[in-house]
Each structure stands twice: as C-alpha cells, then as structure tokens.
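Asks: Below are the chains, spelled out letter by letter.
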Amino acid sequence: MRTRNAGKELLVKQRAMEMLVADGFEGFSVNKLAKACDISVATLYIYYKDKDDLITKIGMEEGKYMTSVVFRDFDPEMSFAEGLRKQWENRFAWMMQKPTSSLFLESLRSSSYGETVFKCMTDNFKEMMEQFTKNAVRRGEINKMSLEAFWATAFAPLYTLVRFHNEGRSIGGKPFTMSSKVLWETFDVVLKGLAK
Amino acid sequence: MEQNLQHILVFKTNIKTEADRQTVKKLLDNHACIRQWNVDLHDIDCVLRIVSPRLSTAEAIALVNRHGYECSELL
Numbered sequence: 015m016r017t018r019n020a021g022k023e024l025l026v027k028q029r030a031m032e033m034l035v036a037d038g039f040e041g042f043s044v045n046k047l048a049k050a051c052d053i054s055v056a057t058l059y060i061y062y063k064d065k066d067d068l069i070t071k072i073g074m075e076e077g078k079y080m081t082s083v084v085f086r087d088f089d090p091e092m093s094f095a096e097g098l099r100k101q102w103e104n105r106f107a108w109m110m111q112k113p114t115s116s117l118f119l120e121s122l123r124s125s126s127y128g129e130t131v132f133k134c135m136t137d138n139f140k141e142m143m144e145q146f147t148k149n150a151v152r153r154g155e156i157n158k159m160s161l162e163a164f165w166a167t168a169f170a171p172l173y174t175l176v177r178f179h180n181e182g183r184s185i186g187g188k189p190f191t192m193s194s195k196v197l198w199e200t201f202d203v204v205l206k207g208l209a210k
Numbered sequence: 093m094e095q096n097l098q099h100i101l102v103f104k105t106n107i108k109t110e111a112d113r114q115t116v117k118k119l120l121d122n123h124a125c126i127r128q129w130n131v132d133l134h135d136i137d138c139v140l141r142i143v144s145p146r147l148s149t150a151e152a153i154a155l156v157n158r159h160g161y162e163c164s165e166l167l
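If you read the protein sequences in the order shown, they are chains A and B.
First residue of the first sequence: 15, per my numbering; consecutive thereafter.
First residue of the second sequence: 93, per my numbering; consecutive thereafter.
Excised from the complex, chain B in its bound form:
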C-alpha cells in the first residue's frame, strides 16, 4: 500500500530491547493520532517509525520522552 510520505516520522531512540518495546507499545497503540508504528530493534539507532497524518515531530518526541526514553529526530 502506498503511504503518504509526509505522514511518516522517524526517530533515533534508546528503545533497545523487547521489554522496552512493550513499555512504549501501550502508549503508542492507544494513541488516537498514530495509525502505525514500529521500532527496529536490530538497528544501532533503535529507529522508531511512526505513521501519523496529524502528529508533529515535537509532539512525538515529547510523548516518548514522557515515558522515560530518549527520542530525537533522525536526520
């Protein structure tokens, strides 16, 4: 399925393990603005990828930070 590229946000995080992933899962799964998300646990940057037509980069960073994880825009 072709996704709107403008709706994809990618971040460098320290969501490193499956346990970390489970911690953010609840928060991201239930967020009304987030259509889809995943973390690449195999990658050195532990990239968090969010598909959302409405969420801004700053909002996403604040959301993850609030739950104790580092999150910065991946450039």
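Excised from the complex, chain A in its bound form:
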C-alpha cells in the first residue's frame, strides 16, 4: 500500500531546490534527485509526472507559501509607512527563513518555468500592491509612478542587502552580515525617498 510520507516529501523538495540552485535546470534530473535523497526513482515518479512537473509543482508550492508570508498581517488600507514597513519585515523574514527557496524562486523567474509558476501568484500580488499604492497616492503620501519605478525604489535595496548577506560580502569583498540596524536604516532612506 503506497502512502504519502510528509517527511520524505519535505526532503525531496529541499534537495531539489538545493540542486537546482547549485547546478541549474539543465543538469537536473529526477534520477539524480532520487539518488541525492536516497529513495527510489519510482517513488518520485509516483508523485511527479516528470522533471518539468516536479519543478513547476515545487515552484508553485514555494510561491504560494512566500505570498502568504509576504502578506501576513498586511492590509492595503494601512498607511504607506506602516504598510511598506510590514512588507519589508515580511519579505526579510521569508528570505532569512527560506534562503534556498528564495534563490530557487529567483532563478525560476528567468527560466522557462517562470510564466507558469508566477502566473497564479502575480494576480493576487498585483491587486494587493496596486490597491496599497493607489491608497497612498490618494492620501497624498506618495507621488503617482510606474510600477517598475516603485518596485525598484521600494524593494530592490532590501534584495541587494539580502544578496550581500547571503554572499557574506558586500562591495569590494568586504565581509558583511545583515543586522536589523542596517535593515531599518536602509528602510528609512527608502521611505524618505518615496514619501512626498
């Protein structure tokens, strides 16, 4: 009798993401994953149709989880400063808690799987963030701007800091570890730059 084993499923997901992040999509195969997890190839094929199905399913699950963390306790009706702070807090917490997942989703974004995986996430994301920025513009908290300009200003600095942290180095190879001081000091500058 075949039964689902939650512990094994978690191991498979984690190893798959690690392998995909380290070696890329081309070199990855279900066979290699089975060996790395010390389980039979057949077991993996019971759960997933093929390599593409496996990558897409794991991507969707991780994406769904990320969305739930990013929007935890967030309300588009919040004041701009409060809402953006919550977004930073949640995004930072997720990237620290799930570094592999975060790198995996980042590499999926530019891959052929990106469209399928992110299609189901972006609608919800866009709607929430559009509502949030619309409210901020209406209340005169920020100027109206393109989505790209907003994102590049509001979140890219956070992602740069996390990248430095993950690499353990910042500019010119200087050793770097993230601290809440650096996080919120950067946030304050971002907020100042966006606020009217």
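Just to be clear, a hint being listed does not mean it is correct.
To be verified - Quick list of in silico lysine-lysine cross-link-like pairs, PhoX-like style, CA-CA up to 25 Å: (1) B:K104 x A:K27; (2) B:K104 x A:K22; (3) B:K117 x A:K63; (4) A:K63 x B:K108; (5) A:K158 x A:K210; (6) A:K140 x A:K71; (7) A:K71 x B:K104; (8) A:K195 x A:K112; (9) B:K108 x A:K49; (10) A:K46 x B:K108; (11) A:K63 x B:K118; (12) B:K104 x A:K63; (13) A:K112 x A:K78; (14) B:K104 x A:K46; (15) B:K104 x A:K49; (16) A:K71 x A:K112.
Hints were generated in silico from the structure; no laboratory data involved.
Mind docking chain B on chain A? Use the hints.
Replies: Here is chain B on its own, set in the frame of chain A:
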C-alpha cells in the same frame, strides 16, 4: 488534483525520442483503461508513467512490449 497513488504505474523503457513517443501515443491514448500517461524523455530511464485504476503491471508491460519497446517495472 490528488490522485490515488495505487493507480500509478511507473516503468523503465527505451522510449527515447519524440518519434518513439508518437509510436506509443496512439496505443496508449486509445486504451480504455488508461486515464493518463506520459514519458519523461529527459530521464535516463525514459520513465513511462501510467495512471490507470484497472491495468496491472504485467498487462502494461505486455502492451508496450507488443509494440517493440522494452518495458520493465521501475523499482
């Protein structure tokens, strides 16, 4: 959609190319007992995966063998 895990059969085959896949396609698409199937052409074992509530492992192997392809249970 959650599938009944007991209904999934997986095999190692030599269905290696798209042309091979097309050859078995007709046979598997039209089989009354087969609900869904696919071959992972990227995998070293060319895994054939069949979803069928009724087909037995031996029947599936015989079916594929009859059309000139190797097929054995993937363990």
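Asks: Return the numbers of the hints above that this structure violates; sort them in rising order.
Replies: none
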